[in-house]
Amino acid sequence: MLKVKQLDIFGRGHRDPAPSRIAYLLQRMWLRKVFRRFLFLFSVVFISFWGFLFLYSKTSLLTNTKLGLISFIEKVTSSPALKVTKMDIITKDPKILSKIESVLTTDLPVSSLEVDVEAIRSKVESLAPVNTANVRVTSSGLLEIEVIERKPVVVHHVNGRFEVLDIEGISIDNIKNRADRSDLPLIVGLGANNEVSEALMLLIESSDIVDRVKCLSRIGTRRWDIVLDQGLVIKLPEYKPMTAIRRVISLQEVHRILDRDISYLDFRDLSRPMIGLTANSAEKLKDLRAILRGESI
Amino acid sequence: MSEKLYAMQLKLRRRRLSAIKKGFIGLIDVGSSKIVCLILKFTPEIGNHKSADDKVDLPSNVAFRIIGTATTRSRGVVFGEIDSMDEVERGIRTVVQASQKMAGLLIEDVLVSFSGGDPRSYGIYAETKIVNREVSEFDIGNALTNCHIPDYGSEREIVHALPVNFTLDDRTGLVDPRGLVGSELKVDMHMMTLERSVVRNVVHAIKKCSLGLSGISFAPYLSGLSSLTEDELEIGTGCIDMGGGTSGLAIFFRKQLIFGATVRLGGVHITSDIMKAFEIPFDMAERIKTLHGGLFSTGRDDRDLIEINDLNSDTEKERKKISRSELIGVIRPRVEEIFEELRLQLDESGFDNLRSRKIVLTGGVSRLPGLFDLATKILDCPVRIGKPIRLQGLPIAANGADFAAAVGLALNAGHPQDECWDFKGSKNSYGMRKINGWLRWISENW
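Residue numbers (this note's numbering), protein chains in the order written: chain V, -17 to 279; chain Z, 2 to 447.
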């Protein structure tokens, strides 16, 4: 049958509202849930399969991406704005300065992205004379290490060595001679380094006689002896050594006891302090007692 | 009742049941002036009327809802019969696609109604002895098997075979004799046949649209179901479905169809009369008919001038004006002719013997003003203009008298009346049928 195309007044073909057979069948197929699900699954599998295949077939694409990424990182790290050119160590002690410089092996200039500030800090703080350290990279390309040193407070003599300790009893330095640090008090004996702060407290309390103190001696890692000049020893108890020292000081103030001819003051038992006489004074005491008894010498 | 006799109907019935189980079904009314497609969704009944096993497998007593509607102008259908397969196929495709889009789901099974095919009604009488005192479905089936089927011609197909009346011993007028006790059962059945070629063409058109046909119905019967009230169905009423190509007649009594016929005249003929009389295009004639048409002219109608703007004539001179009385003068003889033809059919059916002789007019032509008076005069009985009942989900635009057949199709799908093939068959083939049924179930569900 011949078909004559009908034209409307605008010259367009007459539009049939009926869907074509193909469109009708496709729409019916689309309305099937099974078909839609299948199509979805199929498309997902299809796309992912060919996508993977494409990526793996193009090895140059992968390597190019990798190389591009590396060069990009390089470009960023090598930019002058991020360069660390100088290291500034803020410290008063030139010894520490040289020590830190020997410890830090960072080669300058280096990118600020590659500077591990935390590692540097822990490295510096691991040095004996350093208490804490602040490490920062400034915007002007400066690696600033601010060092707070340990403060030397006592000289500890043990096993024939002289060690300078801070208040926590940590060894800062070794010295060969006591005279090198004659400004610091001397503590002696095993375990004395663990009680540095107590030793200092005792020294502060005995400030009246401090110029006579030769050293503080730790006895049996348990208690302190204060050794004065001329071999006079004040034996302090294990517990409440401060009370004992205060009593010694008051005895000194009232009776000038330390100026007398004694060999030791034993305060190990606070309820029963003892005085140790020298041989000379013991002899004298004997004579005096004889006189008191009316004996002639 | 031999299986061979209703082979097609039994096949369609199985399809229909499986479609109802699926939950939705498409309804297509192939008319001479328009093709309608509705999509029906069965919803589990709300309330306490649920079946015991809580399934929607009962064909009756289910609630439904229209979820898709589409209509298109029909081309290629003349006198309710398919004239041009290509055009009808396009029309069906259009409505099916549009309604599928509206419903958002695929329809696979459709019920179809049309009004052509020279329907013929037969009254059939059958009787049987009751086997077990109590009337069972089996007894009814047995009676229907034994009934004498008249020779309705080899080129015809049975579309409806409805048991109308049951008589148990000497008690008649039973609607459902199941469970009653008696010794002899007599059945009156109404059978309707259509021309086989017409039916086959409709089946083929549906098949070409890759849809599964699950039922064929006679359109005036469905219009009656949707437009008649329950009382009218009971007391005996004729329904005249005045469609585009045909005017169908269906007579109901005791809620059953007892007669069906068509007159091969309809609204399209009125339009073509107007077209010829005033020498105007068909579309314009249709428009004038619907806007200004009438059946009784008054003095005023001589002065009411209708301007006929012909797009093809571009000069002022060619503009025509016709008076409304002229238009009425063209329309009225044709409508009178239709009613006279219907009158003949009514006389033939023995409609006058019914106690209540009431006629309900429906279909597109029933919207013509003055039809009521003319029908009363010519048919000589009380007349009412009917409109189909409201269906849930159906747009108001698709609820007019011209959609009566489509609405009836929905009602019939939701609450089907027992056709004779709905009853179980005779004794000797019972076991075989059961096995066949199992095999069928397996093939349908796997």
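In short, the hints are calculated from the structure, not lab data.
Even for Gly, the Cβ is constructed at its ideal location relative to N, Cα and C.
Among the clues, some could well be false.
The following residues of chain Z were derived to be distant from chain V, with all beta-carbon distances above 12 Å [stated by the list, open to error]:
no., residue
1, Arg15
2, Thr73
3, Arg91
4, Gly92
5, Val96
6, Leu106
7, Phe139
8, Leu163
Facing chain V, according to a computed beta carbon distance under 7 Å, are these residues of chain Z, among others [as the list claims (entries may be wrong)]:
no., residue
9, Arg94
10, Thr95
11, Gln98
Cross-check of the supplied hints:
no., hint, result
1, Arg15, "holds (22 Å)"
2, Thr73, "violated (6 Å)"
3, Arg91, "violated (4 Å)"
4, Gly92, "violated (7 Å)"
5, Val96, "violated (9 Å)"
6, Leu106, "violated (6 Å)"
7, Phe139, "holds (41 Å)"
8, Leu163, "holds (34 Å)"
9, Arg94, "holds (5 Å)"
10, Thr95, "holds (4 Å)"
11, Gln98, "holds (5 Å)"
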